[in-house]
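Undergrad: Read off the chains here:
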Amino acid sequence: MENFITLKELAKQIESIINLNFNNTYWVLLEIQKLNLYRTGHAYPELVEKDEKTNKIVAQMRGIIWANDYLYIQRKFIQVLGSEMKDGIRVLAKCIVNFHPVYGLSLRIMDIDTTYSQGLLEQERLLTIKKLQQQGLLDANKQIPFPLVPQRIAIISIETSKGFSDFVGVLANNEHCYSYKYTLFPAVLQGEKAVETITEQLKIINLKKDFYDIVVIVRGGGGEIGLSAYNDYSLAKAIATFPLPVLTGIGHSTNLTVCDMVAHYSAITPTDLGYYIIDKTLEFENMLLNIGDKLINTIKQKQNNYKEKINNTRFLLLRNITSQLYAYQSNLDKTINTFTQLTNAKINKSSITLIQIINTIKYQFISALEKTNNLLKNYNFSLKTNSKNIINIENCKLDNIPLILRHKSKSHLNYNLLRLKQINKLIPINLKQNLSDIKISLNKAQQIIDLSSPNHILKMGYVMLKKDNIIVTENNINKNDTIVLEGYKNQMEAEIINIEKK
Amino acid sequence: MNNEELNLPTSYEQAFNELQQIVTEIERGDITIDLLLPKVQRAAQLIKFCRDKLRNTEDEVNKIIKQLEDDNCDDM
Chain A
0 MENFITLKEL AKQIESIINL NFNNTYWVLL EIQKLNLYRT GHAYPELVEK
50 DEKTNKIVAQ MRGIIWANDY LYIQRKFIQV LGSEMKDGIR VLAKCIVNFH
100 PVYGLSLRIM DIDTTYSQGL LEQERLLTIK KLQQQGLLDA NKQIPFPLVP
150 QRIAIISIET SKGFSDFVGV LANNEHCYSY KYTLFPAVLQ GEKAVETITE
200 QLKIINLKKD FYDIVVIVRG GGGEIGLSAY NDYSLAKAIA TFPLPVLTGI
250 GHSTNLTVCD MVAHYSAITP TDLGYYIIDK TLEFENMLLN IGDKLINTIK
300 QKQNNYKEKI NNTRFLLLRN ITSQLYAYQS NLDKTINTFT QLTNAKINKS
350 SITLIQIINT IKYQFISALE KTNNLLKNYN FSLKTNSKNI INIENCKLDN
400 IPLILRHKSK SHLNYNLLRL KQINKLIPIN LKQNLSDIKI SLNKAQQIID
450 LSSPNHILKM GYVMLKKDNI IVTENNINKN DTIVLEGYKN QMEAEIINIE
500 KK
Chain B
0 MNNEELNLPT SYEQAFNELQ QIVTEIERGD ITIDLLLPKV QRAAQLIKFC
50 RDKLRNTEDE VNKIIKQLED DNCDDM
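Protein chains in written order, with numbering that gives the first Met the number 0: chain A, 0 to 501; chain B, 0 to 75.
Please keep in mind that the hints were generated in silico from the structure rather than gathered at the bench.
Fair warning: this is a prediction, and the values are worked out from it, not measured in the lab.
Glycine included, each C-beta is placed from N, C-alpha and C at the ideal position.
Each hint should be verified, as a subset may be incorrect.
Unchecked claim - Here chain B is said to cover these stretches of chain A; the calculated rule only asks that three of the stretch's residues, wherever they fall, bring their Cβ under 8 Å from a Cβ of chain B:
hint	stretch
1	173-183
2	290-296
What the hints assert, rightly or not - Calculated Cβ distances over 12 Å to all of chain B for the following chain A residues:
hint	residue
3	Glu-14
4	Phe-21
5	Ala-58
6	Asn-97
7	Pro-100
8	Leu-331
9	Gln-355
10	Gln-363
11	Leu-374
12	Ile-403
13	Asn-429
14	Gln-432
15	Asn-433
16	Gly-486
Said to hold, decoys possible - When the alpha-carbon atoms are kept at most 27 Å apart in a straight line, the in silico DSS-like pairs for lysine-lysine are as follows:
hint	chain 1	residue 1	chain 2	residue 2
17	A	Lys-192	A	Lys-55
18	A	Lys-52	A	Lys-236
19	B	Lys-52	A	Lys-293
20	A	Lys-207	B	Lys-52
Based on the sequences and whatever the hints tell you, model everything.
TA: And the structure:
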């Protein structure tokens, strides 16, 4: 029992041996299975190495990353790889082997070669891209026409993911009040399970593809290391060949994952993806509103055109009428002028003729007067000479008359006395005869007069037609005239209904 | 009136194609001012249909109609 040492002494010995033999830094290829970051800022990761084929752990060690180193490494990761250091990544780490009497063996990680991590990811990514390119699938999903309105959405995410709630929140609270219908198809969003579950959900959505316009894959946060699943060939192919447009919002900042590349559209964050979908909807609505505006403008333009046409026509009409009126007026003026000229000429001509006629008449009259005067003078002369002769002759005759008278008057007186006596006898006889003849004639005349008196005719039953107390005949009577029929005793009023020619 | 009576399309694509056709016809200018009115009315109807559908007003209305119909059936 004399040969023993204390645990502390043993630990010290081990410590000194290790410090002696492992006093260099080593670049170790390892996988950080679990980071185990503490509030103090120090991390105590579980470091492992797995068999590439069997995936079994073939080495395991405790790691320590002091707060200072941790901050430095994280900053580098974010700068170079666009994400933080996370569980489950393979890294090339700069380590020192440490032994502590209390805490035991551990590997202190001082630095990490990001180029190696980058290279690993990039290798996988490039390989996938190359394969898809060879199959002509890189742009396959992009070739599908994007729906006018992405309103029915199949979401591949997980309910607890911030990305999911961000995305759904943006859609639900859009200022345009658009309504979206979505269904969540839950899937693991990072690590090895991601490929399997996302592919599975895509298959399910494919069966119901008529009920959706688009598929979105959203996840929140997470670094590019966790995103390596999205460079997986089978997942990228499933997305590229999907019959509906697939949109991604899986959160990254540097290199696109292959899934992002083959997706119809990829947004940096789920929130951005939500806005993209709203923008697409707004785009459609704006097209509708533009069409509306266009129609309104076209109608206004057409209306204006018609108004203009009408105005032009009215103007032309007015102008034509005015010019025609002017033409008529000037024609009229011309006609009046011509007429006046002609009339004046005629009047002048006529007055000249008239003066000539008057002159002719005057001359003829004067000559006729002179002729008559001469005749009268001649008559006067001949009368004077002739009357003397006649007086002489008559004087001679008168001288003879008393002789003849004496002789003839006696016999003539006797004869006439005899005749007078005869006539004296005849007068009373003739007188009587004549008187009775005259009486008879008078009676006859009286009868005729009586028979033809109007009273007599009326008495016989005839009537007289009078209008306005004037006798009318069939020549001056008209239809619808009111007339008076005057009989012997009565007078009647009648209206001419019809006049017909016999 | 329901969608069938108004002869409304079943999808945005149908509605939009018809709208574009109307716009083309009108812009080409071979429509007289008399025929313009029914075309524009149809366009307005289509635009309203799409905008309602964007906000799901249509669905809401249909729900209400369905509710009313159900209520009527209950009464009978």
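Undergrad: Does the claim that A:Gln-432 lies outside the interface with chain B hold up, using a Cβ gap greater than 12 Å?
TA: holds (114 Å)
Undergrad: According to the definition I'm using, a residue is off the interface if its beta carbon is farther than 12 Å from all beta carbons of the partner; does A:Leu-331 meet that for chain B?
TA: holds (43 Å)
Undergrad: Against chain B, does A:Glu-14 keep a CB gap of more than 12 Å to every residue?
TA: holds (72 Å)
Undergrad: Are all C-beta atoms of chain B more than 12 Å from that of A:Pro-100?
TA: Check passes; 70 Å lies beyond 12 Å.
Undergrad: Over 12 Å from every CB of chain B: does A:Ala-58 meet that, or does the non-interface label fail?
TA: holds (59 Å)
Undergrad: Hint check: B:Lys-52 vs A:Lys-293, CA-CA at most 27 Å. Holds or violated?
TA: holds (22 Å)
Undergrad: Does the no-contact call for A:Gln-355 survive, Cβ to all of chain B over 12 Å?
TA: holds (78 Å)
Undergrad: Holds or violated: A:Lys-207 with B:Lys-52, Cα cutoff 27 Å?
TA: Status holds; Cα separation ~21 Å.
Undergrad: Checking a non-interface call: every C-beta of chain B should be farther than 12 Å from the C-beta of A:Gln-363. Is that right?
TA: holds (88 Å)
Undergrad: Do three or more residues from the stretch 173-183 of chain A put their C-beta atoms closer than 8 Å to C-beta atoms of chain B?
TA: Satisfied; 4 residues make the cut.
Undergrad: Test the statement that A:Ile-403 is away from the interface with chain B: the closest C-beta pair must be farther apart than 12 Å.
TA: Label holds. Min Cβ-Cβ 132 Å, cutoff 12 Å.
Undergrad: A:Phe-21 clear of chain B by more than 12 Å, beta carbon to beta carbon?
TA: holds (68 Å)
Hint check: no violations occur; every hint is consistent with the structure.
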